[in-house]
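Quick note, the sequences are listed as chains A and B, same order. Residue numbering for the first sequence follows the working numbering, starting at 1 and increasing by one per position. Residue numbering for the second sequence follows the working numbering, starting at 1 and increasing by one per position.
Rather than coming from a laboratory, the hints here were simulated on the basis of the structure. Fair warning: this is a prediction, and the values are worked out from it, not measured in the lab. Just to be clear, a hint being listed does not mean it is correct.
Copies of one chain are not kept apart here, so a pair can be met inside one copy or by any two copies together.
Below are the SDA-like pairs computed for lysine to any residue, each with C-alpha atoms no more than 20 Å apart in a straight line [said to hold, decoys possible]:
hint, residue 1, residue 2
1, Lys3, Arg133
2, Lys119, Pro210
3, Lys266, Asn5
4, Lys3, Gly159
5, Lys266, Val105
6, Lys19, Gly242
7, Lys19, Pro108
8, Lys119, Arg230
9, Lys43, His272
10, Lys266, Gly239
11, Lys81, Pro257
12, Lys119, Pro212
13, Lys81, Pro212
14, Lys119, Glu187
Protein chains: 2
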Amino acid sequence: MEKFNSIERLSFNQITQDKWSMREAVEGCARAQIPWIALWRHKLAEIGLTETRRLVRDAGLRVSSICRGGMFPAATAAIRKERLDDNRRAVEEAAELGAEVVVLVCGPAPDRDIDSARKWVAEGIEQLAPFARSCGVKLGIEPLHPMFAAERSVVVTLGQATSLAEPFSPDQVGVIVDVFHVWWDPELYAQISRASGRILGFHVNDWIVPTPDLLMGRGMMGDGVIELRRIRTAVEDAGYFGPIEVEIFNQALWDQPGDEVLALIKQRYLEHV
Amino acid sequence: MEKFNSIERLSFNQITQDKWSMREAVEGCARAQIPWIALWRHKLAEIGLTETRRLVRDAGLRVSSICRGGMFPAATAAIRKERLDDNRRAVEEAAELGAEVVVLVCGPAPDRDIDSARKWVAEGIEQLAPFARSCGVKLGIEPLHPMFAAERSVVVTLGQATSLAEPFSPDQVGVIVDVFHVWWDPELYAQISRASGRILGFHVNDWIVPTPDLLMGRGMMGDGVIELRRIRTAVEDAGYFGPIEVEIFNQALWDQPGDEVLALIKQRYLEHV
């Protein structure tokens, strides 16, 4: 099948090689002929928007997404307002860089009250959506794995993310499917189908056994237990044919030379995704 | 409220002090006047069923559950048959010890095929249930946290566990609610309500932040973010008034003197559960 023999949809999420500067990441992708890159804002902040845009354009890369907005819940209205302002900046950065999507990692509760935190997430998205629309940028709600519920996101299932997105037009607010976060879900395929027309990103990596660490234990595609091609097929059946980001938090990968990591990504992507 | 001022429903799950032998755990509970104990089969195996029964009876303890049965999925029919035989022994042990419930930790997939593993779980429960009924023992399906999906259980939500239990009479096959495994679930309270009349056990501990370890990172009640009393109330609204097990896998607790751990459990149970 031709579609499995091409890297034209492959996007390198730069967190996969966090030691690389923005310049190194962009040049690495160009050398490896990887057509897409997903940019993180802490890297962007190091050299600024203008320089980043120049680097990306000169390398002929396209930006699949900006990571990340979100982090909506906070104990006070003042802090929630600050977070919203920061989200607006993320949207502006995405617009400047030609990225269609800002990925929303929605944030943890500031206390034990998870219901209130979930309401703040819904409010935050409602407040951010009109601004994003005016900038031509889409918001992608990424459910995180439930093991991050206390520290990173109270949005933990694809069904929940889709429910948050549904009040909005499907081309304005949608969901991001990251296999690491959703593979375990008994409702996965039903929820991917329900999210048809609303999937704004697809992230791949793997779940390795035994799992060495909550955050830094993700694996390279093919090294774990996730049914990658099955999930990809379901996501395509739901109408998503955009870039496929490789996003792996793994210390061993961070310690390897970046060009070797990119070569391995390309190989495993063709074999397993 | 009187019900929050009593330890009459408190059960000590002996894994919380894994260094203790069966005798030490039983005598520790007796000294602390904790009325219930949950027994693990690896401890039982060390001294045998007869001696365990004698110890428990002499101490005036009641056994809230036997941990654990399950582990149904396996690559070959021969291994699945062995697992079923082992589950029958767990049921017999529960009957001998006067425990109403065998806790089922359903097991991981032997490969990447999580759907087949889930079918084997359903088949295993179907095959085990008549035998359990004939022994007067109930089967409690415990959904584990999704972070254990690859290594311990393909049953990862309360809704999924309840769906597995529903083909059976509610007094024969039910579910175990362990706050650590389910607290993150956006459907938690709806699913507890759905499981009304079918809850066979309630386990408490806490989710600590930052989470130090997947398996050994559980916290003492009150040290984390779980809304313990809210969940307890929901479980009671669903008709469960049986023993409440304290089950904590935590290296720091394992390293403390057992009697101190029991004293702390009693205090935190009264304060937070």
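Cross-check of the supplied hints:
Taking identical chains as interchangeable, the C-alpha atoms of Lys3 and Arg133 are never at most 20 Å apart, the minima being 32 Å within one chain and 53 Å between chains. Proximity of Lys119 and Pro210 under a CA criterion of 20 Å is satisfied in neither setting, with 35 Å inside one chain copy and 23 Å between copies. Taking the shortest alpha-carbon separations for Lys266 and Asn5, only the intra-copy value of 11 Å comes in at or below 20 Å, while the best inter-copy value is 61 Å. In this homomeric assembly, Lys3 and Gly159 never come within 20 Å of each other (Cα to Cα): the closest approach is 28 Å inside a single copy and 37 Å across copies.
In this homomeric assembly, Lys266 and Val105 never come within 20 Å of each other (Cα to Cα): the closest approach is 26 Å inside a single copy and 38 Å across copies. Taking the closest pair of Cα atoms, Lys19 and Gly242 never come within 20 Å of each other, the shortest separation being 27 Å inside a single copy and 53 Å across copies. Proximity of Lys19 and Pro108 under a CA criterion of 20 Å is satisfied in neither setting, with 26 Å inside one chain copy and 35 Å between copies. For the identical chains of this complex, Lys119 and Arg230 are inter-copy neighbours only, at 18 Å across copies versus 33 Å inside a copy, given an alpha-carbon limit of 20 Å.
For the identical chains of this complex, Lys43 and His272 are neighbours neither inside a copy (29 Å) nor across copies (43 Å), given an alpha-carbon limit of 20 Å. Neither within a single protomer nor between protomers do Lys266 and Gly239 lie at most 20 Å apart by alpha-carbon distance, with minima of 24 Å and 54 Å respectively. When the C-alpha separation of Lys81 and Pro257 is checked against a cutoff of 20 Å, the pair qualifies neither within a copy, at 41 Å, nor between copies, at 48 Å. Proximity of Lys119 and Pro212 under a CA criterion of 20 Å is satisfied in neither setting, with 33 Å inside one chain copy and 28 Å between copies.
Taking the closest pair of Cα atoms, Lys81 and Pro212 never come within 20 Å of each other, the shortest separation being 37 Å inside a single copy and 31 Å across copies. In this assembly of identical chains, the alpha carbons of Lys119 and Glu187 lie at most 20 Å apart only when taken from different copies (15 Å versus 23 Å within one copy).
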